[in-house]
Every structure is written in C-alpha cells, then in structure tokens.
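Quick mapping for you: the protein sequence lines, in order, are chains A and B.
When the letters of the first sequence are read in order and numbered with the numbering used here, they come out as residues 1 to 365.
When the letters of the second sequence are read in order and numbered with the numbering used here, they come out as residues 1 to 365.
Keep in mind that the hints are not guaranteed to be accurate.
As the list makes no split between identical chains, a pair holds if one copy fits it or if it spans any two.
[Unchecked claim] Within a straight-line C-alpha distance of at most 25 Å, the following computed SDA-like cross-link-like pairs (lysine to any residue) qualify:
hint : residue 1 : residue 2
1    : Lys175    : Gly186
2    : Lys175    : Glu255
3    : Lys201    : Gln48
4    : Lys334    : Leu211
5    : Lys159    : Asp147
6    : Lys159    : His149
7    : Lys159    : His339
8    : Lys159    : Ile148
9    : Lys159    : Glu342
10   : Lys334    : Gly257
11   : Lys159    : Asp169
12   : Lys159    : Met145
13   : Lys159    : Phe146
14   : Lys159    : Tyr348
15   : Lys96     : Gly160
16   : Lys334    : Glu222
17   : Lys175    : Gly257
18   : Lys334    : Leu268
19   : Lys232    : Gly186
20   : Lys334    : Phe146
21   : Lys175    : Lys334
22   : Lys175    : Arg88
23   : Lys175    : Gly185
24   : Lys175    : Gly160
25   : Lys175    : Thr254
26   : Lys201    : Met145
Rather than coming from a laboratory, the hints here were simulated on the basis of the structure.
Protein chains: 2
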Amino acid sequence: METIKIITRDDMADVALGGAFLGTGGGGDPYIGRLMAEQAIDANGSVQVLNVDDLADDALVVPVAMMGAPTVMLEKLPRGDEAINALRSLEAVLGKKADAIFCIEAGGLNSTIPIAVAATARLPIVDGDGMGRAFPELQMVSMTMFDIHACPMAMADEKGNAIALNTVDNLSTEKFARVITVEMGGAGLIALYPMTGAQAKQAILRGSLSLIANIGRIIGSEQAANRNPADKLAADLKGMRLFEGRVTDVDRRTEGGFARGRATIEGLESYQGQKMFLNFQNEFLLAEDEHGRPRAITPDLICLLDLETGQPITTETMGYGFRVIVFGLPCDPKWRTKHGLELVGPSYFGYEAQYKPIEILNLQN
Amino acid sequence: METIKIITRDDMADVALGGAFLGTGGGGDPYIGRLMAEQAIDANGSVQVLNVDDLADDALVVPVAMMGAPTVMLEKLPRGDEAINALRSLEAVLGKKADAIFCIEAGGLNSTIPIAVAATARLPIVDGDGMGRAFPELQMVSMTMFDIHACPMAMADEKGNAIALNTVDNLSTEKFARVITVEMGGAGLIALYPMTGAQAKQAILRGSLSLIANIGRIIGSEQAANRNPADKLAADLKGMRLFEGRVTDVDRRTEGGFARGRATIEGLESYQGQKMFLNFQNEFLLAEDEHGRPRAITPDLICLLDLETGQPITTETMGYGFRVIVFGLPCDPKWRTKHGLELVGPSYFGYEAQYKPIEILNLQN
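All chains, full assembly: derive it from the sequences and hints.
Written as structure tokens, this is what we have:
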C-alpha cells in the first residue's frame with residue numbers, strides 16, 4: 001500500500017503559522033492566504049503534496065506567489081482569482097498546462113496562497129521551496145543558482161491587469177516586476193520560474209512544506225500547553241534564542257516597493273541592560289548587539305516571536321512596546337556557498353558586516 | 001494603370017522634417033529614426049504606402065513607436081532591432097502576423113521608426129496616424145475614442161528585455177508602460193493598438209504621412225531658397241505665426257518619465273516688448289501671452305521653429321538664446337469633440353485654461 005501526503009483544511013492553521021515563522025518577519029500575514037486556501041479546499045478538496053523526486057522529469061512545475069507589500073493585500077480586498085489568473089496567463093505564454101504548483105518562498109502568505117491555487121487548479125503541490133525562508137527579491141531563490149530563468153513570468157492584479165515579462169536575467173525580472181508591483185498599488189500575484197521536474201530535482205530546497213507544517217504544529221501545541229515554543233523549536237530545529245526584550249523604536253520607511261528599516265529592542269529578564277538592533281528589508285536581515293557586533297546575518301534566519309505566545313511577528317506589524325523573543329536559525333547550506341552569498345549575503349543589502357554562520361557568531365553565548 | 005505611393009530613401013529627409021514639425025516639440029529628434037529608416041530601405045527596398053481604405057477589413061494593422069524620453073534614444077545606442085522585437089513579440093502574443101505598420105503619432109522619431117520597421121519586415125505602412133501631431137501619453141490617440149484597446153501591447157529594450165501588457169483600459173496601459181519605460185532606462189520600443197483594417201478605417205486620422213512629407217518638402221525648399229518657411233506653411237496649412245522672439249528662460253524638469261516645464265520667449269521685431277510663455281509636457285501644450293491670456297491650447301498644435309532656418313525645435317533641445325517663431329495650427333476635428341477634449345484637453349494636463357479653438361483665440365490678431 002502506497003501512502004500519500006495531503007494538505008487538508010485542518011492543516012492550514014499549522015501551515016500558516018509555520019510559514020509565518022520561516023518568513024523571518026516577511027512573507028506576509030497569513031490571514032488572507034489561509035482564508036483563500038481553506039475556501040479553495042472546501043470547494044475543491046484537499047491538496048496532494050508531492051515529493052520532488054516523484055515528479056516526472058518533463059513535468060511543468062510553476063511557483064505562484066504574492067509580490068509586494070503584504071499589508072497591501074489586506075487593504076486591496078483581493079478578488080481571489082488574481083493568483084489563478086497569473087497561473088493561467090503564464091500557461092498561455094508557455095502554451096502548456098502546469099502539472100504541479102510550488103512555493104517560491106516560506107512565509108505567511110506565500111506558503112498558503114500556492115495551496116489555494118493548487119486546490120483551485122486541482123493540481124498537486126511540491127514539498128519544497130526556493131528559499132527555505134523568505135527573501136525580499138525575486139532573484140533570491142535557489143533556482144537562480146542553477147541558471148533557471150524567472151521568465152517567462154506573469155503578473156496579475158485585482159483589477160484584471162495582466163503583464164508578461166521576458167527579461168534577460170533574473171535581476172532584471174526583479175527590477176521590472178518591482179515597478180509594476182508598485183503601479184499595481186503595492187502588491188500583485190505572480191507565476192514565474194516555470195521549470196521541469198528534472199530542473200526542480202536539481203534546484204529546489206526539499207521538504208519545506210513538511211517542515212512548515214511541523215513548525216506550525218510545535219508552535220500550536222506549545223501554545224496550547226501555555227509554553228513559549230522557543231525552547232522546543234530551538235531543540236528540534238537546531239536554532240537558538242538570541243535575545244528577549246521590548247521593542248522601543250522602529251524606524252520604518254517604504255522605499256522602491258520595500259519596507260526598509262531598523263528596530264531597537266531593549267533587554268528584559270536575563271538580557272536586562274543589553275540591546276539588540278534588527279535591520280530589515282521586508283525580512284529581518286541583520287541582528288546586532290549594543291556594541292554593533294552581528295549576532296545573526298542574512299542568509300541565516302532571524303525570527304521574531306511574541307514573548308508570551310510564541311506567535312511569529314512580521315516587520316510590518318511589529319511596533320513600540322511589543323515584548324519579543326529573537327530567534328535564530330541556520331539557513332540552508334546552499335545559501336552559504338559563494339554564489340548563494342552573492343545573491344543574499346549582507347553586502348547585497350548594503351550592510352557592512354561580513355557573513356559568518358550564526359553558529360560561529362554565537363559560540364560564546 | 002494603377003499608381004502606388006512609396007517611401008524611398010530620398011523621401012526620408014522630408015518625412016523626418018515634417019514629422020518633427022507636427023511633433024509640436026515632442027516626438028523626438030528625427031536623427032536616429034531617419035538613419036534607421038534609410039538603412040532599412042537600403043537593405044530591403046522602399047516602403048509601400050497604403051491608403052487606409054485599401055486595407056482589407058480583416059487585415060492586422062500594428063502601430064510601432066518609441067516611448068519615453070527621445071533624448072535617451074540618442075544616448076542608449078539602440079541595437080536597431082528593438083522595434084522589430086516589439087513587433088515580433090506582439091505578433092507572438094496575437095498568434096498572427098501583421099499585414100501593415102502604422103504610426104501612432106507624428107514626430108521626428110515616431111514618423112521615421114515605423115518606416116524602418118515596415119522596410120525591415122517588408123510590410124506596407126498606412127497613410128495615417130493616431131494623433132495628427134504628438135501627445136505625451138499612450139491613451140491619447142483617436143483609437144481610444146473608438147474603443148480600440150491599446151493591449152495586447154509589447155515593449156522591448158536594447159538589452160533584450162521584452163514585456164507584454166494586457167490591461168483593463170488604455171489609461172492603465174499608459175501607467176504600466178510608463179514605469180516600465182523608466183525602468184528600461186528612459187525609453188523603449190513598443191507595438192500596441194493592434195487593430196483590423198475595418199477598425200482602422202473608422203478610427204485613424206487619414207493622410208498623415210502624405211501631409212508630413214508635404215510639410216517636409218515645403219520646409220526643405222523654402223530653406224533652400226533662404227526663406228523662412230513659416231509664411232508658406234501658414235498659407236498651405238491654415239496655420240498662423242503666433243510670435244517671434246528669443247528664448248530667455250527654460251524651466252525644465254523630468255518627472256514620472258516626462259519632460260515637463262515652461263519656456264519664456266521675449267519678443268523681437270514687431271513683437272518687441274511682448275512675451276510668450278510655452279508650457280510643455282514632452283510636447284508644447286499651452287501658449288500664453290504676457291497677460292496670461294491663452295494664444296493656443298492643446299489639442300491645437302504649437303510648433304517652435306528656428307527664426308532663421310525654420311527648422312523645428314523640440315522641447316528637449318530648446319535653450320536660452322534660441323531665436324524662434326511660435327507657429328500654431330488647428331488640430332484634427334476629432335480632438336475638438338467632448339471625448340477628444342477629455343483625453344487631451346488642457347484640464348487633463350492640469351492647466352486652468354478652458355479650451356478654445358486657436359482660430360477663435362487669435363481673431364483679434
């Protein structure tokens with residue numbers, strides 16, 4: 001007897017929670033995405049989860065995602081069919097139907113919207129993603145390291161506008177798609193990086209959806225037991241609690257379609273008297289102590305959790321007075337290569353820090 | 001025996017000059033476009049000019065144009081195949097080959113580039129255009145008044161990037177294409193408003209290419225006879241000399257992909273002691289006297305000519321000390337309708353003046 005993995009309506013709470021955790025402050029509030037996925041599953045049934053190795057080599061795999069400022073999605077009242085429109089537009093350009101859906105990144109919205117699309121299109125979803133976390137720009141995916149092109153790419157908004165891109169490289173895709181997203185009112189739905197099963201086997205990060213569901217389950221069950229999930233997450237994920245404190249300042253500005261800024265956290269309990277600074281561009285990218293020493297550097301993961309409940313907090317909702325845990329996780333080894341660090345290391349974002357693995361930075365602690 | 005109209009290499013000087021004149025300060029310096037057309041004609045032969053009524057009702061007519069800041073075209077060193085790439089991209093989207101090329105507007109670049117494309121693609125060009133002059137925005141064409149959609153639209157740049165748009169209306173097409181143009185470095189080549197021969201017969205302004213060639217011939221022959229062509233143009237085109245003077249100030253800024261500003265001209269000869277102010281957004285849109293009284297208002301044409309040679313001057317090259325003639329022409333009657341004035345009248349551009357025909361404004365003069 002064969003076993004298959006499926007995502008049911010009841011799994012969506014865990015997926016939304018785990019996605020928000022790995023979203024490292026970005027990737028959006030899962031509310032809308034979870035709702036969309038639950039409705040799509042109600043209407044069309046559960047979604048089958050495929051291991052990447054179960055894909056036929058010539059299968060067409062298509063990542064679907066939200067691009068832009070996630071808060072905008074809450075204000076724009078999506079029609080619900082933009083994501084499907086993006087998929088259908090891309091299929092029209094390719095002259096071919098997708099065989100499986102894929103998550104470009106982990107995140108509250110971008111781990112849930114693809115499930116909604118998969119349910120609506122009655123397609124399986126691949127157990128993997130392109131980042132193992134969230135990053136702010138389109139070219140920041142493992143596929144770029146394996147010369148898979150982001151284009152043809154399709155974009156759709158809630159008004160019915162559809163745009164297809166065919167650019168010379170993935171960085172150009174990002175630049176054009178970004179200004180189009182801004183013109184769409186700050187957010188759009190996208191389908192891109194169409195790839196074969198053979199390419200997916202080589203390029204993607206494996207098991208992400210299972211990991212996300214597992215993280216969601218841990219957070220949920222620890223919350224139910226009135227325990228902060230940080231300790232269990234640290235043990236299970238080889239992560240570490242970096243800091244605990246209260247947010248005393250958030251300097252946040254919207255520039256070129258991104259939420260950029262820096263948050264100050266003043267220590268509580270055993271961290272009394274210390275500070276931590278979190279620099280972000282949609283996602284948390286660099287954590288420094290009060291002496292300017294890095295404690296976690298992109299591409300390693302910096303997750304912000306509510307001190308009482310362990311609920312993940314996004315860079316957009318974080319505000320003065322929030323009591324938080326800063327939690328760190330090593331990134332996927334692919335990101336620690338030369339090519340990986342060129343794509344998503346600190347210098348790309350303009351930070352002076354030299355990348356060092358989070359395990360090394362925190363040996364003394 | 002049947003007669004056919006053709007554009008030969010030798011006609012290109014007239015077309016470039018006449019296009020620049022009707023470009024009303026915009027539509028670009030014809031230099032690059034004339035060169036491209038001459039080379040394409042050398043390589044592929046002359047271009048047949050079709051009267052719109054000679055088109056089959058089901059023929060596919062495709063306007064091709066440069067979008068953005070024309071000076072950028074001089075700096076970007078075009079590869080020469082961007083315009084053909086835009087046409088081919090649009091044909092790919094439509095799944096159909098164009099039967100004829102068309103000029104979206106009159107202008108130094110946009111009356112010549114389509115001829116280069118027609119020669120290269122070995123297609124005829126239609127004797128007409130969508131404006132009878134130049135305007136700064138994509139939706140400002142007679143086709144919009146006849147519910148012809150700008151999309152599908154294709155854009156291409158000199159790097160090889162190609163983008164296809166399918167927007168909900170022509171104003172949205174303009175907004176998306178404008179930010180994409182800026183991201184392309186300020187200018188891109190476009191193919192849009194695909195229409196049938198039947199639609200073209202209803203919607204386009206007729207005879208523009210013949211008119212442009214005729215204007216070019218007048219300017220050229222008057223220049224050869226050492227006469228300023230303004231008087232002959234006024235007589236032949238029902239136009240009028242509005243002012244003569246020296247440019248004493250140009251306030252020019254680049255905003256949102258447009259060259260916006262205002263020029264001050266102080267009177268010479270019989271205009272001594274008077275002033276004229278020219279407001280522009282790529283094109284000259286409003287001419288006022290020193291008392292703030294309008295002397296010519298968009299959509300009527302305001303053309304700037306060199307006082308000695310009669311050479312058309314663009315808003316981008318105009319500068320301090322230029323000695324100029326301001327020349328006015330009534331626009332096509334289609335623009336004086338309610339719908340026409342909504343699209344291109346003074347209020348759209350933020351000017352307070354109420355539109356009055358140039359013939360009425362200058363009755364007293």
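Results for each hint:
no., hint, in the structure
1, Lys175 to Gly186, "both (14 Å within a copy, 14 Å between copies)"
2, Lys175 to Glu255, "both (13 Å within a copy, 19 Å between copies)"
3, Lys201 to Gln48, "within (18 Å within a copy, 54 Å between copies)"
4, Lys334 to Leu211, "within (17 Å within a copy, 63 Å between copies)"
5, Lys159 to Asp147, "between (33 Å within a copy, 19 Å between copies)"
6, Lys159 to His149, "between (27 Å within a copy, 16 Å between copies)"
7, Lys159 to His339, "between (38 Å within a copy, 24 Å between copies)"
8, Lys159 to Ile148, "between (30 Å within a copy, 19 Å between copies)"
9, Lys159 to Glu342, "between (37 Å within a copy, 23 Å between copies)"
10, Lys334 to Gly257, "neither (27 Å within a copy, 40 Å between copies)"
11, Lys159 to Asp169, "between (28 Å within a copy, 10 Å between copies)"
12, Lys159 to Met145, "between (34 Å within a copy, 22 Å between copies)"
13, Lys159 to Phe146, "between (35 Å within a copy, 22 Å between copies)"
14, Lys159 to Tyr348, "between (34 Å within a copy, 23 Å between copies)"
15, Lys96 to Gly160, "both (22 Å within a copy, 24 Å between copies)"
16, Lys334 to Glu222, "neither (31 Å within a copy, 71 Å between copies)"
17, Lys175 to Gly257, "both (10 Å within a copy, 16 Å between copies)"
18, Lys334 to Leu268, "neither (35 Å within a copy, 72 Å between copies)"
19, Lys232 to Gly186, "neither (37 Å within a copy, 53 Å between copies)"
20, Lys334 to Phe146, "within (11 Å within a copy, 55 Å between copies)"
21, Lys175 to Lys334, "within (24 Å within a copy, 39 Å between copies)"
22, Lys175 to Arg88, "both (23 Å within a copy, 23 Å between copies)"
23, Lys175 to Gly185, "both (16 Å within a copy, 11 Å between copies)"
24, Lys175 to Gly160, "both (22 Å within a copy, 14 Å between copies)"
25, Lys175 to Thr254, "both (16 Å within a copy, 20 Å between copies)"
26, Lys201 to Met145, "within (13 Å within a copy, 52 Å between copies)"
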